[in-house]
Amino acid sequence: MNEQRSLADTILGDIRAQRIRMRPKMYFIAGSLLLGTSVGLALAAGLMSASIVSYRLHHHSPFGFLFFGPVGFAPFIAAFPWTPIVIAFLGIGAGAWLLRHHYALGYRHTAFGIGVGVCSLVIALGVAFDLLGLHQTMRGVTPMRALYSGHFRGAYWLAGTVTQARNGEIILAEPDASATRVLFSPTTNIQPQRKIERGEWVRILGQDMDGDFDAAMIRHGPGDADDVRLLVNDPE
Amino acid sequence: MVEQTSISDEAVINRILRGEKGLYGEIIGRYEARLLRYARSFTRDQDDAADVVQNAFVKAYVNLRSFRTNKKFSSWIYRIVHNEAMNALARTRKSVSLEENEWATNIASSEPSLESTMTQTQGAEALHACLAEMPVHYRDVLTLFFLEGRPYRELSDMLRIPIGTVGTRLARAKAMLRKRFPKEYYHLALL
Chain Z
688 MNEQRSLADT ILGDIRAQRI RMRPKMYFIA GSLLLGTSVG LALAAGLMSA
738 SIVSYRLHHH SPFGFLFFGP VGFAPFIAAF PWTPIVIAFL GIGAGAWLLR
788 HHYALGYRHT AFGIGVGVCS LVIALGVAFD LLGLHQTMRG VTPMRALYSG
838 HFRGAYWLAG TVTQARNGEI ILAEPDASAT RVLFSPTTNI QPQRKIERGE
888 WVRILGQDMD GDFDAAMIRH GPGDADDVRL LVNDPE
Chain S
151 MVEQTSISDE AVINRILRGE KGLYGEIIGR YEARLLRYAR SFTRDQDDAA
201 DVVQNAFVKA YVNLRSFRTN KKFSSWIYRI VHNEAMNALA RTRKSVSLEE
251 NEWATNIASS EPSLESTMTQ TQGAEALHAC LAEMPVHYRD VLTLFFLEGR
301 PYRELSDMLR IPIGTVGTRL ARAKAMLRKR FPKEYYHLAL L
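First to last, the sequence lines map onto chains Z and S. Heads up: take any position in the first sequence, counting from 1, add 687, and you land on this note's numbering. Heads up: take any position in the second sequence, counting from 1, add 150, and you land on this note's numbering.
These are computed hints drawn from the structure, not numbers from a lab. The reader is advised that the hints may include incorrect statements.
Each computed DSBU-like pair below joins lysine-lysine, with the alpha-carbon atoms no more than 35 Å apart [unchecked claim]: (1) 712(Z) - 209(S); (2) 171(S) - 221(S); (3) 221(S) - 209(S); (4) 209(S) - 171(S); (5) 712(Z) - 221(S); (6) 209(S) - 222(S); (7) 171(S) - 222(S); (8) 222(S) - 324(S); (9) 712(Z) - 171(S); (10) 222(S) - 712(Z); (11) 324(S) - 221(S); (12) 324(S) - 209(S).
Sequences are here, hints too, so could you generate the full structure?
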């Protein structure tokens, strides 16, 4: 009993002498706001990145390079949206971790359950964001433009939208709006059909010739071309 | 003080938050003994357990405004003691003493049909050894469930794990105990 009183007396003495004080309510409110903001930012980064991945996979379809065979593997790797995928998983992971470990009731669900739930929600919203066309607004924002555009040019490959098509020559606009003149001949392997039309998305293997591109192989689609009107000032 | 003991913990906390700071002594009085017993299951000796409990009471007071009075205070304070005990374990990296686990001692000495003190002592020692070998998170649920008599929902809140995980850990802890504990002393550990 004496020992019991002495612990209580010790702590009460510290309280009266203000050696220990209660943290103010605002401290915990700020903590909750910080947690909410952090979760929101993490999930927003995940969602935006998921929408970019969705956009680039169905719009530019890096898998199309694999139709060229083994030589198409390097451009496939270069055009694949690795960075947005990494950012998406980091955002989802950070959001799920914060919810699991810092949200008051996060412990009532398993880490796996929260991870799957957050992942599913972010991916579903990201795909919906893209399919609803909301990416049009984000593509105009400078840091996002690079992520939406991706990388579509290498030493021996190129992809983009045909803005002009003439005999032996096409003008190709890449997603970052740069334009390249592509030269081809009757010996150029063009699949699945030889006719190339303005406004379609094509992939090209060949050789860079000081700004122009000499095509050895051209493949139409898959993928959706960017709107030609947005790429060139062409009344046609 | 008699008047205060009829008031719930949460009501006392409310009064402390409204300015009656002296009532924190009532909270300490209500919880000190059982928290010491709980902390003792993690620490090597009584002094370490006392330090853990004192630190926990101080932390609880400092963060009292984060406690939601519509929740159970006991789950909250046990959680703080648990965290302090884990910190103490990490700092000292000492194992539980084989001599003074109160649950094991009580179980071993409460059996009225035992014929000899030697059997009781051997049973207690066997139980102590098994518990000491057990990972902390299994020892934790066993102690809280059998020693403190806490239901699954409270164990979930105290240990911040899903209720399903509480059940799983308890089942595994009992299976571990059954595997390592000599069969002749099963009745001591209520296995």
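Cross-check of the supplied hints:
A hinted pair counts as satisfied when its Cα atoms are at most 35 Å apart, and residue 712(Z) with residue 209(S) qualifies at roughly 15 Å. Taking the CA atoms of residue 171(S) and residue 221(S), the gap is near 20 Å; set against the 35 Å cutoff, the hint holds. Restraint check: the Cα-Cα separation between residue 221(S) and residue 209(S) comes to about 18 Å, which is no more than 35 Å; the hinted pair holds. As the CA atoms of residue 209(S) and residue 171(S) are separated by approximately 15 Å, the hinted pair is consistent with the 35 Å bound.
Proximity of residue 712(Z) to residue 221(S) is assessed by CA-CA distance (about 17 Å); at most 35 Å being required, the pair is judged to hold. Restraint check for residue 209(S) and residue 222(S): satisfied, since their Cα atoms lie roughly 17 Å apart, inside the 35 Å limit. This hinted pair checks out: residue 171(S) and residue 222(S) have alpha carbons roughly 20 Å apart, not beyond 35 Å. Proximity of residue 222(S) to residue 324(S) is assessed by CA-CA distance (about 27 Å); at most 35 Å being required, the pair is judged to hold.
Distance restraint check for residue 712(Z) and residue 171(S): the Cα-Cα separation of roughly 16 Å lies within the 35 Å cut-off, and the hinted pair is therefore satisfied. Distance restraint check for residue 222(S) and residue 712(Z): the Cα-Cα separation of roughly 19 Å lies within the 35 Å cut-off, and the hinted pair is therefore satisfied. Taking the CA atoms of residue 324(S) and residue 221(S), the gap is about 30 Å. The hint holds against a cut of 35 Å. A threshold of 35 Å between alpha carbons decides the hint, and for residue 324(S) with residue 209(S) the separation of about 33 Å falls inside it, so the pair holds.
Checked against the numbered hints above, the structure breaks none of them.
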